[in-house]
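Visitor: Protein chains in written order, with the working numbering: chain A, 1 to 553; chain B, 1001 to 1134; chain C, 2001 to 2254; chain D, 3001 to 3318.
Mixed in with the good hints there might be a few duds.
Computed Cβ-Cβ distance ranges for the label pairs, DEER-style [stated by the list, open to error]:
id, chain 1, residue 1, chain 2, residue 2, range
1, C, E2111, D, D3154, 38 to 44 Å
2, A, T503, C, L2114, 48 to 54 Å
3, A, G203, D, G3141, 45 to 51 Å
4, A, G67, C, W2031, 34 to 40 Å
5, A, R548, C, P2109, 32 to 38 Å
6, A, G67, C, H2030, 47 to 53 Å
The hints are simulated quantities; they were obtained by calculation from the structure and are not laboratory data.
Even for Gly, the Cβ is constructed at its ideal location relative to N, Cα and C.
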Amino acid sequence: MAELKFIEGYPEYMRASIALVERTRPQRIGKLLPQMTPQEREDILNLCHPDYAPGGKRTLKMGPNRGDLAPNEVADLLEAYPLIKPDKIDLSQVDYETDILIIGGGLAGTSAALLANDHGIPAHKILLTNKLRHGDANSMMAQGGTQAADRPNDSPVLHYIDAMGGGHFTNKPDVVRRLVEDAPGVIRWLEDLGAIFDKNDTGEFVELTGGGTSRKRMHACSDYTGMEELRVLRDEFRNRKIPILEFCPAIELLTDEEGKVAGAVLWNMETDEYKIVKSKATILATGGFGRLHIRGFPTTNHYGATYDGPVIAYRAGARLRDTDTVQYHPTGAAYPQQIIGLLLTEKLRTSGAQPLNKHGEEFVFPLEPRDVEAASFIRECYIRDNGIATPTGMKGIWLDTPLIDMIKGKGSTEKAFPAMVRMFKRFGIDMIKDPVLVFPTLHYQNGGVETDPQGATNIRGLFVAGEVSGGVHGKNRLMGNSTLDCMVYGRRAGMHSAEYVKTGVKIGTLGLRHVKKHIRDLKSSGIKTNRRTPMLLPDYRGKAVLARTIDIF
Amino acid sequence: MIPKIVLTSDHVDFLKKVSELSGQIVTKCDQCGTCSASCPMVDGMDITPSQMMRLVQLGRREVLESKAMWVCASCFACTVRCPRGSDLSKVAEALRQILLRQAIDHIDIKSIPEDEIERLPQIALVSGCRKFTG
Amino acid sequence: MKEKKINVMERVREASKAVVTGVDDKDIEHWVDIHIMGKAYQVPADLTIMQAIEYAGYRLMRSCGCRAGFCGACSTIFRRKGEYKLQGAMACQTRVEDGMMLVQIPFSPAEKPLYDIREEKYDSSVLLKYFPDVARCVSCNTCTKSCPQDLQVMDYVQAALKGDFRGIAEGSFECIQCGLCAIRCPAEIVQYHMAQFARRMYGRHGSKRDKNVENRVGEIKEGKFNEEFDRVMGLSVAELRDIYTKQQNTREVY
Amino acid sequence: MSPEQEKGKTDPVDDNQAKGTMIPYFPGCTLKTKAKIFETSALRVARCLGIDLIELPRWNCCGTVTSLTSDDLIHHVAPIRDLVRVEDMNTMGEIYQEYRLVALCSMCFHVLKRAHLRVMQNPGELEKINNLMYLENDYQGKVSVLHFLELLRDIGFPKIQKTVERPLAGLKVSPYYGCLLLRPKEAAIDDPEDPVILSHLLEALGAEVINNPFKTRCCGSYQTVCDKAAVAELTFDILSRARTEGADCVTTSCPLCMFNLADRQKEVMEKHPEFAPMPVLYFTQLMALAFGLDESVCGFDQNVVDPRPLLREKGLST
């Protein structure tokens, strides 16, 4: 193959298509295709959304959700052997005894710790444990914003209806109601703690809409929303001297004779030793599963998004929900290859960027719910063959970002999307001048451990918050509801676990009976597997190296 | 009897080092004492500025154990008055730097009481850091 | 039609496999030589530093986080071939180059002062109270030169000396707290901790508050929406879908 | 990020007023924090004299003290970077052919001026500094660093006298120079042993000048960080002598002298209970008073030792 010639970051051959985009641009400003009808939406989902396309899922053969559908990659992890041999773990020596154990240090876990502390649990009776560093979480990468219906023309009820509709009415209504009712309070809480949101001169929030969001209620901190929220909460957490363990993922939950969750087995990844935590309540806030690369999709998720939480909770008897759906974000980067899959926030589209095919034509309303938008991109690329091919063989859709400056004024892209502009600049592309290439990317775990309005699960002593939970978003989440979910349910789980502890919980003998049962069930269900889970981290080592690794130490 | 002054090679090395760092010909000093008489801080010093100069002339490293250079406020009174044209403030700075460059700080800014640090103006803290920390 | 769908998913899988399952040598045309902590490796030219380290066979635990330039875990310092300048970058956001010598900096040791943001006085003296080290800045600009986010770090440190909270907040807003500035600062200042404090101070005490959210919190507390919630939550899915569709059709756009 | 004004925004000059001669001006950290009255009063009196002091863009802390060893360059980078900004202002058209840089704080003046002198005498050092600051333009050496008092002297004390609306008649003021305006000689604005510039200014303002033999004696400077007792003794000596000579108050041009002479009176009184507090004022405050500017510009409420009872007694304040 001849050496590719590049012009301002793009291979020469793509420039022809960019010229078409530029040609149609003046006519497109302010003109959008109409939204799809509910029927059209359903049709396109069935046609080419990865969730609906056959071959990707199977029925769970064991556990509380036996009979439910789940993606193969998820089922593989749920129906696998534990990392530990239950009998080899010495439970008589407890390393940490605490009131509340929080597993996961993203927005949900951190919020939970703060609220547990606010509700009477002293800092030293809380323990937060984290697989990587505190703050290594999908929350950190949330760009778009946090929804809260606070404007006079909006109401929590409208927010409720949007969230239910976006989730195809499969969400748990009482859980959604708390989500939307707590939302303004969460924003005010963050402001109190010193988070800096985008505001106008009078101190009023600058708010935008999102896909499937009928009013402007997205509160953003440029495109570093999650980072600003999480670093503020983390700083507050550190000020309160709440104990924390980093690089110590939970690899199994512990239960007592009554089946209550009573702590966890942690694994210090750096020293290879296990630690036993005994706690009266446990909050699971482990996040999502992007790194499973379901159906081979690249992902926006951070390195540790490997579904550990549901895997260990499932063994302890926790019921999952909506395991069959996965959220693909319509606009992951498709070019250049170094950033494939990384998130290009939906806020780009709410700010005016339009998706276009290789002819520079619009083919979909830019702000359909995420699943519908993603499906239409896939259709355009692979069924209608109107995608733009990249040198590595991917196909993508143009996202016409130069429109943002044209609509909102010169300089507004740079002001509102510093992270995006910076990322493309690092690879030689100027997204203010040129469109960027996108393709759906694995983004969010819609379902998870079923929660109730208190953040409680079907197992006593086990609470959940954030992406690991199921029920809030039903089968599809709206933009700006994930950071919100993390904080609303992080706070709720923190608060209610504190109340639960204060009722005088007595933990019996620590045990791994549920893990032994899981092993028995695995065998009796006839599942053939050598896999051991939780997965903890993906492996991206080169194939040549992997072929020749030996384990000596 | 006049005692004999012996300069070992270590003494010479130290004299050279201070001379280089300060850029001053330390041996020019004829011990007239004008610097000591002009120094507003001399009351707080264990040795006077002219004694400090003498010790340096003799290459005596013990001068580094004295307080004098830390009490110096770099007011340059000695500088403008020295009849031999020596800049004593540069010699004091050289002595401070010899210690500071060995990572021996004279003050620990983190140990200044909070209420005092809130009172101090920026200018005091910045100059204190420059002169007393390496 | 059904067959076409399967085909689509297979094609998607095939197209993204390099970033999903690791690089396969047979697909690579261009290679570069790099030095990871002094050891030479040949890696595909099209990778980020992080992907190259993984390709070389390292399974990362430290020095790897979001893989998208937000979390600051993968701080890396390197020199290019023939260059004396020491560069700082995020491994996940920087392409490897032939002859690059690199090492990752997994952690920046720096104690964070403890404070209660709600109680602090919004005054310049508070910055020096918690961060007296700022007074040691010599304006050498090394921090700015080492910032992988291209922030004007020195300018915001200087803003701290001037007691300008807003200047710090704006100058440091995109800080990912990777610690490269603090690691390289000859005055041993911990810029990112100071900036975190100053941003919170500015957010809490220096900027105007939004009134709508305050009102709405009150309304919710008073139960203003309870009746409507009860009504909407009592509807069948079909009825709710109807309302939803109408609501979507009257949506605000830009 | 919201663009609204921060509380207590410090630029005190009303932009609606006519522009005079624009001269770059270096405030220094303390004038932006603990010595805001110095800046406020100076900018306003300058305007009364037809001068607009334009704050140097992106200025950084000068370092407050000059590094004195022969081999150290890094501590001269800060002041040279500031001087580069002055040259940048000219090339970017913010000002035209104006290479004067005015400082108010004695320490900033001293450091900026000595850095300029040093690199001018040592081109090799300048080259090294320019190399280290490779992201900036090279320093061409065009800047002339002035203390505000020098600028006033250039304007002419008779002109200043004409601007006076409320002569400070009967106010006995002892000028205090401290060290860094006068020493060493190459960076001095006046005779190191017998300076007169402040006396001339005060006379122009109509005040009665009280000579204090300690007017050039050090206040203890940065020793205030680690030995406040020693500094308090110096303050006691300087102020007691001023009082013996008949002064009502002392005036200074340095925020560190101000801190040591004024704030440290607390420590003086702990040691010497008989000591009566004495007001210490920036010379620009007295100028503002004499120019008939509003008391909010004079900022007397912000002086540690309140000068208002004294000023009322002298019929200079209501």
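Visitor: Report the numbers of all earlier hints that the structure fails to satisfy, in ascending order.
Guide: Result: hints 1, 2, 4 break, sorted rising.
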